[in-house]
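Q: Single-letter residue listing:
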Amino acid sequence: MKELVCIVCPNGCRLQVSQKGEEFEVMGAKCPKGKEYAINEMTDPRRSIATTVRTIFKECPVLPVRTKGDIPKDKIFALMEIINKIVIDKKIKRGDVILPNVLDSGVDVIATSSMLQNGR
Amino acid sequence: MNRYDVVVIGGGPAGVAAADAADKQGASVFLIEREARLGGILKQCIHDGFGLIRFKEKLSGPEYVERYIDMLKETKVEYVTLTFVCDIQKIDEKYILSLVNRKGISQIEAKTIVLATGCRERTAKQVFIQGTRPAGVFTAGTAQYHVNILGKMPAKKCVILGSGDIGLIMARRLTLEGAEVEGVYEIKPSPSGLTRNIAQCLNDYDIPLYLSHTVTRVFGEDRLEAVEVAKVDEKMCPIKGTERVIKCDALILSVGLIPENEVADSLDIPLDWRTKGAIVDQTLMTMRDGIFSCGNALHVNDLVDYVSEGAEIAGENAALYSQKKRALIDIEIDNRFLYIVPQKIDINAPIDKIKVYFRSKDDLDDVNLSVYIDNRKFRTKRFSHLRPPEMESMLFNLANENLSEQSKIKFCIEDRK
Amino acid sequence: MEKTLKKIQKKIHSRISPQIEVTVENNCIVLRGELDDWDQIVSAGHLAVNKKFYGVINDIKLKGFKPSIKAPNIKDKLYDGLKPDVLVVGAGIVGCATARELARYKLDVMVLDKDYDVAMAASSRNDGDIHVGIDLMPNMKKFQYNVRGNAMYDKLSEELDADFHRTGHIILFRKKWERYFIYPLIKLKARFLKIPGVKYMKREDLIKIETGLPSWASGGAFMPTGGEISPYKFTVAFAENAAQNGVKFCFNTIVEDMTVQDGEIKAVQTNRGTIYPRVVINCAGVFADVIAEMAGDRTFTIHPRKGTNLILDKKCRSYAATSMNKSPFTKLDGDKEIGKRGKHTKGGGVVHTVDGNVLVGPTAVETPYREDNTTDKESIDAIMKNMSRVAEKMTYGDIITYFSGTRAPTYEEDFVIRKGIFTKNIVQAAGIQSPGLTAAPAIAEDVAKWAAEIIGDVQPNKSFNSIRKAPPRLVDMSLEERNKLIQKNPDYGEIICRCEEVSKGEILDALNSPIPVYSLDAIKRRVRPGMGRCQGGFCSPLVMKILAEHKGVGIEDIPKANEMSFVLYGDTKGDSKDE
Chain A
1 MKELVCIVCP
11 NGCRLQVSQK
21 GEEFEVMGAK
31 CPKGKEYAIN
41 EMTDPRRSIA
51 TTVRTIFKEC
61 PVLPVRTKGD
71 IPKDKIFALM
81 EIINKIVIDK
91 KIKRGDVILP
101 NVLDSGVDVI
111 ATSSMLQNGR
Chain B
1 MNRYDVVVIG
11 GGPAGVAAAD
21 AADKQGASVF
31 LIEREARLGG
41 ILKQCIHDGF
51 GLIRFKEKLS
61 GPEYVERYID
71 MLKETKVEYV
81 TLTFVCDIQK
91 IDEKYILSLV
101 NRKGISQIEA
111 KTIVLATGCR
121 ERTAKQVFIQ
131 GTRPAGVFTA
141 GTAQYHVNIL
151 GKMPAKKCVI
161 LGSGDIGLIM
171 ARRLTLEGAE
181 VEGVYEIKPS
191 PSGLTRNIAQ
201 CLNDYDIPLY
211 LSHTVTRVFG
221 EDRLEAVEVA
231 KVDEKMCPIK
241 GTERVIKCDA
251 LILSVGLIPE
261 NEVADSLDIP
271 LDWRTKGAIV
281 DQTLMTMRDG
291 IFSCGNALHV
301 NDLVDYVSEG
311 AEIAGENAAL
321 YSQKKRALID
331 IEIDNRFLYI
341 VPQKIDINAP
351 IDKIKVYFRS
361 KDDLDDVNLS
371 VYIDNRKFRT
381 KRFSHLRPPE
391 MESMLFNLAN
401 ENLSEQSKIK
411 FCIEDRK
Chain C
1 MEKTLKKIQK
11 KIHSRISPQI
21 EVTVENNCIV
31 LRGELDDWDQ
41 IVSAGHLAVN
51 KKFYGVINDI
61 KLKGFKPSIK
71 APNIKDKLYD
81 GLKPDVLVVG
91 AGIVGCATAR
101 ELARYKLDVM
111 VLDKDYDVAM
121 AASSRNDGDI
131 HVGIDLMPNM
141 KKFQYNVRGN
151 AMYDKLSEEL
161 DADFHRTGHI
171 ILFRKKWERY
181 FIYPLIKLKA
191 RFLKIPGVKY
201 MKREDLIKIE
211 TGLPSWASGG
221 AFMPTGGEIS
231 PYKFTVAFAE
241 NAAQNGVKFC
251 FNTIVEDMTV
261 QDGEIKAVQT
271 NRGTIYPRVV
281 INCAGVFADV
291 IAEMAGDRTF
301 TIHPRKGTNL
311 ILDKKCRSYA
321 ATSMNKSPFT
331 KLDGDKEIGK
341 RGKHTKGGGV
351 VHTVDGNVLV
361 GPTAVETPYR
371 EDNTTDKESI
381 DAIMKNMSRV
391 AEKMTYGDII
401 TYFSGTRAPT
411 YEEDFVIRKG
421 IFTKNIVQAA
431 GIQSPGLTAA
441 PAIAEDVAKW
451 AAEIIGDVQP
461 NKSFNSIRKA
471 PPRLVDMSLE
481 ERNKLIQKNP
491 DYGEIICRCE
501 EVSKGEILDA
511 LNSPIPVYSL
521 DAIKRRVRPG
531 MGRCQGGFCS
541 PLVMKILAEH
551 KGVGIEDIPK
561 ANEMSFVLYG
571 DTKGDSKDE
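Residue numbers (our numbering), protein chains in the order written: chain A, 1 to 120; chain B, 1 to 417; chain C, 1 to 579.
Take the hints with a grain of salt, since some may be wrong.
Listed next, the in silico BS3-like pairs over lysine-lysine satisfying Cα-Cα at most 30 Å (straight line) [unchecked claim]:
1) K484(C) to K90(B)
2) K353(B) to K24(B)
3) K90(B) to K2(A)
To be clear, the hints were calculated from the coordinates, so they are not data collected in a lab.
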């Protein structure tokens, strides 16, 4: 059995996961998302990542971005390396895709602020 | 002089939501922000997890608040940025606010004011860090500003004191940007931040959390060179002989947030010693008629979703304010509560949808929250656990309870046997 | 003389250690040897004091202790070969006030300081009291300069545009009898010392002046000549006015040695080249004996005495309206537990600063470390225990910051203000401890005059301008005045520090001043961003940005204090130049 803390929502449910053959039994989850999280965590742990990218604009030297969905946990630092090389030179807006299908994960990296368009 | 029904001080998530809510009620609204951009602290909270309750989505801080700002821009609300309230006077039933900005000093008249001034961080000196005064000691919020807004690194190898949420978030953030986080030290025997943040910010990155530990001293004449940590006893006093010196170039503090109430102070608004925010009734009106408080200025929230919700209550009620005389009764709490908001109920105002927010003082498992009206048990709600870092709320209707000014309302946390 | 020496030897050998060598050299008592207890070394120094000699040179070493000095890490030839008329060593309040006095003459004046700004040691680490001098003896230099200095501050405040509040100081009494036994002694001494206006006031009257009067106080001695300044702002004011009048300030410059021939300083070696001054003025604070030694004119020893002060939130401004403390004879609960950290301190108590905070302290602890500015829990607890009896409402939650510094007393416990004895072109302004701040302008007058005398035939500087303008403090102005200024300069309308309400314009003014210093702490001392309850949490990045833009550098090039105290590394995203 493995103990986990669900990170899906602020409730932070304490989960107990045990494997029965191919199946997982999850205890302690207040909602179905918790069960899903626990199973993913056992088979293919994933995380969403939020960080910044460089821009060429003096007033906003960095722009916040995030993955629009979860990527495999072991690819976090590989993702950071790719993101850290990007420099934004257009006044993009919130939700615009910066990196489509990053690391073949099926997940896009998107801008999470329109600060470049709205000025300071 | 321009006149407004509602003047909102502060353009963070609370202020923007309050202004929006007041506008929806048909009030004329003016919002004042001292920074260059609306959005408050959420501008720098680039991590996701905001809006799960509000939008049923996992948004970053900027995304969450920009959605509100976009809504605000569709309304008739007028707003100014880079503007500071330097004086408030009450004249008859009106408030005259003096504002300072690059254009000069101007004055506006307000029927009501909503204080949405947010909170500030406790500093190194307020937790009595001793030793030298080098560069490299940051509050977590300041470190976050440097990294997320300026794109500059404040540390290469750091120690974090305090397990508040911003500290945990910064532990992960600095790690992602290539810094080493030696460990997070918490003076209390349990973490201050949300459990899920311990999991996803520390455990995911193998950052150790040391409970019942504190930083006792800093070293370094110019830039921080090391800190001394020690175990603490039950009274949170360092235990001799457990000291350990850790070489590092930064100390990041996440040791608590305090509501900003400088404006409230200038108006002599009574504060609650528990929340450090104003004492309010269920409309979130303070003990000064026409002045409302919401967001982290009222009490420090752990989720912005609650901030928006509370701010809407304040904004709406400010718009509906009618100068009617209040009949206030206290909400009493037993000593297992850390605090409750509101602290009072005005029985002359609507009492059919009263929302209370509260925290327990200690970690409690399997308890009942019971509400007594004149020693009669009115309602009970079960909580499988209550933890100080995790705020809880409850909605109830008192309209049919025949309340009078003599009524006594008491909230108790009781063990289930 | 021989007899006196024998007496001193006997005292030291019997009370401290027979191993100590006690001799007379150049009419100074000289102590040599090694001990393993600093307090014993200090006691030996005090025991050796005798008026028949110039002073005590206490060279007893502390076992295992290596004296050190915080030196700048710059080495260049920036000032090499310069030949100023006067070289002032040390840019504390005495050095800066002296520089301003020297500017009244047609002289080429240079001020050196090993730190990055003025007022970096005791001058920024004290309580700001302008003393009455009631505790001093009339034969002391301390007393004479205190009286003169105290009287000068009204005019100086006007000329230099620096706050001075003559609030009066209060010695509090508890029991009714103290009025009849202690007060007459105070009054008698005041008459003897010619200190005007001292009067007894009973509680009902005193509380009108001092709103923070403790509940036990039945009355007190009110001394109207006492007051407060901001010690660092006043030092900056002296320095800026001096610089305006042509004095050259050289920071990060440390005196490493001197060449002395035939009783005359020929050259002064620094980390930035050799300087050839005609006269040297020693205002080197805790290192004054080191400088005097280099100059061959040492007759005294500095034994650092550390003090700690607390600053309370502005919300607590009602705790004190003046500067008050209990009388030394007044017994209060807890007197016994309050150890030596609470004693040995003259001024202070509970002080209402000119900037509207309440300051509490200081402690007094002997230390071998000349630059020990660290703080510790014991000192803070001691101040709280002692002073919360005077500021009765004070709690730990009121404290927004605290700081320590070291005083620079001699064993004679008096100032050393004189021309050189063994070296003809040096003037000493040493042994400065409380009331050094009060005395500084008077000391400056004398030492500047003596320096001019040594040079001889010096003309007055006819273009000397005694007026200096400080950056305007907008928060203290009426809304109309403030509006007018903002119309002229919109930067005054952009609030950067929310706690102290400091505008961008005021910060820029500090940068456009005669002595601009590009560091967070220097700006904080001049115009106060970061002095408030958030301690710079919100405004420090904004201030750094303004400084960086004004200087035309990156924000990571703006330090907290000196150049080594950098705040930020380069960019996130693995900055290439950083790896």
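Q: Please verify whether K353(B) and K24(B) have alpha carbons no more than 30 Å apart.
A: At roughly 19 Å apart (the allowed maximum being 30 Å), K24(B) and K353(B) satisfy the hint.
Q: Hint check: K484(C) vs K90(B), CA-CA at most 30 Å. Holds or violated?
A: Cα-Cα ~25 Å, so holds.
Q: K90(B) and K2(A): Cα distance at most 30 Å?
A: violated, 61 Å
Hint violations for this structure: number 3 only, all remaining hints satisfied.
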